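K.L.:
Produce the entire structure from the sequences given, and follow the hints as far as they go.
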Amino acid sequence: MIDLVLSVDVHAGAGTTWLALTDWERQHEWMLGTHVEVVEGDGRSVGSKLSAFTGVRGVGVTDPMEITSWEPPVRCTVRHLGSVVKGTGAFHVHAKGAHRSTFVWSESLVPPFGPAGQLGWPVVKPAFVLGLRYSLKRFAKFAESYSVGQV
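To convert, note that position 67 of the sequence shown is 67 in UniProt numbering; the numbers rise steadily by one, no gaps.
Hints in this document: simulated from the structure, not taken from any laboratory.
Remember, predicted model here, so these are calculated numbers, not experimental data.
Hints may be right or wrong, so weigh each one.
[Said to hold, decoys possible] Below 30 Å or equal to it, Euclidean Cα-Cα: the simulated BS3-like pairs (lysine-lysine) are:
hint, residue 1, residue 2
1, Lys125, Lys86
2, Lys49, Lys137
3, Lys125, Lys49
4, Lys125, Lys137
5, Lys96, Lys137
6, Lys141, Lys125
7, Lys141, Lys96
P.N.:
Here it is, written out as structure tokens:
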């Protein structure tokens, strides 16, 4: 398994951070190269299904997910259901007072392509982590200016 845990401090309360985080269809505004849509359910309950496409100009990976835990405004967990991305992910929001919070993104993934994927992970990991850190910084700015219904 590949385990990743990254976090970012946000100058917004936990409730606002949670709403920004779980506004799935706006995730492309902060997540590098990724578009998410709710494909089943309401996207705000256990059993809802999401589909995330990460790539450029139609070339990339689709990551179907199912929400397995929904505990607003604290935690959401997902199970990755795809043939390339498999494992679990969790999104945690930790309150740090009325106007501050920390968003923690964690993944426990099965490397794709069997042993070749496991061997290749050390080569891919630095770029993957760099992109995720960049996205989390963008998320903090997104959440800090987030308002419900904003286009």
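K.L.:
With reference to the structure, classify each hint as holding or not holding.
P.N.:
Tested hints:
1. Lys125 <-> Lys86: holds (16 Å)
2. Lys49 <-> Lys137: holds (26 Å)
3. Lys125 <-> Lys49: Status holds; Cα separation ~27 Å.
4. Lys125 <-> Lys137: At roughly 18 Å apart (the allowed maximum being 30 Å), Lys137 and Lys125 satisfy the hint.
5. Lys96 <-> Lys137: holds (17 Å)
6. Lys141 <-> Lys125: holds (25 Å)
7. Lys141 <-> Lys96: OK: Lys141 and Lys96 at ~17 Å, within 30 Å.
Every hint, counting from the list given before, is met by this structure.
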